[in-house]
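Fit the two chains together into the complex; they arrive one by one in their own frames, and the hints show the way.
Listed here are the chains, written in short residue letters.
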Amino acid sequence: MIARDLAQPYPSVGMDDPALAAVRLMAEQHLPGLVVCEPSGRPTRVLPATQVLRFVIPRYVQDDSTLARVMGERGHERLLSELADRTVRDLVSGDRSVELAVAHPDDSVLELAVIMARTHSPLVGVVEDGRLLGCVTTAQLLDLLLAPR
Amino acid sequence: MAAFAVVVFVLAYALIASERLHRVTVALGGAGLMLAAGVVSFDDAVHSTETGVDWEVVFLLLGMMVIVGVLRQTGVFEYVAIRATKLAGGRPFRVMVMLVVITAVASALLDNVTTVLLVAPVTLLVCQRLGVPPVPFLMAEVFASNIGGTATLIGDPPNIIIASRGGLTFNDFAANLAPVVAVLVVVLLVLCRWMFREAFTFDAERAAEVMALDEREAISDPRLLVKAGAVLVLVLAGFVLGPVIGQPPAVVALLGAGVLVLLSRLSPREYLADVEAPTLVFFAGLFIMVGALIKVGAIDQLARWATEATGGSAQTATFLLLGVSAVLSGVVDNIPYVATMAPLVDSLAADTGNPGSVLWWALALGADLGGNATVIGASANVVMLGIAEKNGYRITFWHFARYGVLVTAVTVLICVPYLYLRYFAFA
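For the protein sequence lines, the chains are A and B, in the order given. Residues in the first sequence are numbered from 1 upward in steps of one, following our numbering. Residues in the second sequence are numbered from 150 upward in steps of one, following our numbering.
Warning: the hint list may mix true and false statements.
Which residues of chain A face chain B? A few of them, derived with a C-beta cut under 8 Å, are [as the list claims (entries may be wrong)]:
1) Arg59
2) Tyr60
3) Thr66
Some residues of chain B that are not near chain A, with every Cβ distance over 12 Å (derived) [said to hold, decoys possible]:
4) Glu199
5) Phe242
6) Ala550
Just so you know, these hints were derived from the structure itself, not from any lab. Model, not experiment: these values are computed from the prediction. We put the beta carbon where it would ideally sit given N, CA and C, even for glycine.
Next comes chain B alone, as it looks inside the complex (with noise of 0.2 Å):
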């Protein structure tokens, strides 16, 4: 039973990471193996969070999703880009640092390719303007996105299996992740300059038709911006009094959608928009993958292995994480490799003493982290991709792993005196 779960298991990521097959398919295809030969039973599958779907991690993702439904409608994103570019004066550089700051606190809240879908027109409309190349500030953007998305544990899917796996709050993220990440976004800056230089030449008369938008067109309702703002507002608050509360952030992200949808009055055409099904269908269906390799004992087989590696040591083993993570998420998707990993990290950590969780920050640093370095590390780079395409701007695979390579490299190598410092040397 072992060796078909784990052969099941290894196809079904061979099939994903190759896109021979849709993932839904792949991964609904291998759950339904798993069950049809009794490897989990529908139990396990439905009812048990060790072993079966991760419930807190579909609806925290669906609760977000309307909420961005709704918000989206009000054009605030389009209201902040602008007037951003215009503070900036429309030079160039100055445009690239709001919209890079931009893209990464919006995706420390939204999610990634949400981010992406709701900046790149914008930045399209902006660079047709001052008549530079977009693809800079596109990739830009993307890679911002990815490092901005790793501050909390809205931000970017993994970090949600992350929290829910190792029973981390929103709190835990935002005082162990966001401070690096507020140093990698500064880094990314100083990187763009120097990668992107040729992109930044400024025309006065070019800047001047920037000037003339009119970013208070871009709010239609300003009574749902207001409504969407004080729902975001508070779940957030919820998110971070979640303690307190004594509610998960599953259940705030849904009561907040709730209210939202009741406040919106929208039809549920719009507020469902940016509900994403198959992905919702993905997540299901590959945490019962994931729970057929705990069942059988593959993943306790694997931590044994890895304790035995690292010789118990969470030094080592943070390291090597971060590393490994790194790596494998710039050329795996980062969402099945951390529904993977979690099960295992969770093993680790019982076995190495994991201080401050450090084992877990090394997890989702190197797996989101890790997504910048090819355009198939990370859904958002490949919807910037498609945006990019279809507005007749290609940008191959060898341009993108260019850039992000270093990107992932620079971000990543910085990671490890952050690690380091805060969680062994100063501990």
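This is chain A alone, in the form it adopts within the complex (with noise of 0.2 Å):
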């Protein structure tokens, strides 16, 4: 099995979506990230999720944690607020950036696994001449190595 055949259609979103929007669909379809696309349809970076939860967190309890605790259970209650008016561009610009990892569709399963390890990514880009043929995840590329044989 190569790349071409896990490959399967993923959602994305365009640079200059609204933020909340992107965020509504990663939530509503249980995804761990979405494919960034360039306004010339290219796709070039990911949304992980966790890089909405360091947006929106003030950078000072991401630095001290502690505060997080002090703030009590309705501390959370406004952080989605910072994302009215942005657009994915926002999330994803300056040392936010992730890069999509990307597969050529020959690429074999241990490749793709190497390309997961080595970027940390959940989320690998099948892409043939710049074009998104579809994405494979950790967790189908798991299913696929805890397949009986």
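Here it is, written out as structure tokens:
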């Protein structure tokens, strides 16, 4: 089995899409992240769900997690209000950029696993001629590895 | 050989000041050149307290870094800061008073960078809840940190160098610097009230959000807090009783760190998290470079010039030292500055009489308070700026200097009558 066989359609969003819509898509479909496409349609980056959290949680709370306890049970209530009027570009720009790990359609399962391990990415895009054929997730890969021979 | 040592030192200093290379790289490179050229021998560098690494300074810093590493796991700083904010009723200026006093006191007992790292996140949270701009609060705290750190031997690294070179105890620092520092903190608060007057808008609804914070949640491990608090008190007692028990501060700090590590049962990764190895290595390299200058007689020569320039008058030397230190510490890191000046002041002290060790106090006050003038004057300023920027608040060099120069000028000027009255007029 090669990457082309494993690649499945995967939701993607554009750089200028509203951030809140992207987060809703992730939540509704229980996805670990989304593929982000340039205005030209070329997939270049990943928006991991953890990146959304890094964006909405104030940096000072991330630096001093004691403050999360101090803020109590209602401390999370207005977190997502940070996303109002933001686009996906805001979430993946600068030091927050996570490049899409890319595999060739002919790559083997082991090659896919190596890419995921090296990039710490739960998602690998299978790209041919700049076009996204689909994605392979770590869950899919582990399923395959666990399958009886 | 003397010319070589001076050239290497001046070049290294210029590189440190320009920040073109990392200061640790420069200090190690400079020390390496001094050793390779034979200006100082390996024996001088490692075993001589006069011309080599001052291990007392290095180990005192190491011990305190470990103690702080454990102490910050307890959440006590967050607890105290939020409790104080609530006591202030969420009124912005009162909150600033509380945070400034807490920062000044903490800085006298811990190093300034750690204090800023601990107090800045809580400040950002409180300001966000109060709906007030955090930059004035952060700047007031960093000023308080540099002022408060001046009060004790362990408050600011330059003081540790001064204590070691001048043979001064923890009590000497507390008796000679703490009183004037207490006055300076009050003066700082008055200045802040005026400088940041537009930042104190009170909103009852926002204040209620601060009152909703639960500071008790900050203390995650009360037993660790008790242990760490007890050890800190014992360490401070050890510093105070140092002359009686015959142990230098470095030994007290290392013993305290060892006991705390044993009691806390934390992993090395946790209790060593605050040990800044680059700072310790920087100190070692710096001491070797300064040792080379001493070895070739450059420091003695400078001291002779300084004695001639001051006509051998301790009074002239004191105020010259205070002024020059304040100005230079605003533009260069005060650690290398004091490391260089300490042997010079040592010689100058012998030539001028140095009543009540006044030259050492002038050097400490000038160098520590001068650090407030610009962003690059002290490490705590750089750290605070970094935290502000990470959280979306950019403070420019000139924005900082506008307030920093004023704070430095006023606080240093207040030291003039203090030093004059205490060490000359009523000596």
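Structure-based check of each hint:
no., hint, in the structure
1, Arg59, "5 Å, holds"
2, Tyr60, "4 Å, holds"
3, Thr66, "5 Å, holds"
4, Glu199, "42 Å, holds"
5, Phe242, "22 Å, holds"
6, Ala550, "25 Å, holds"
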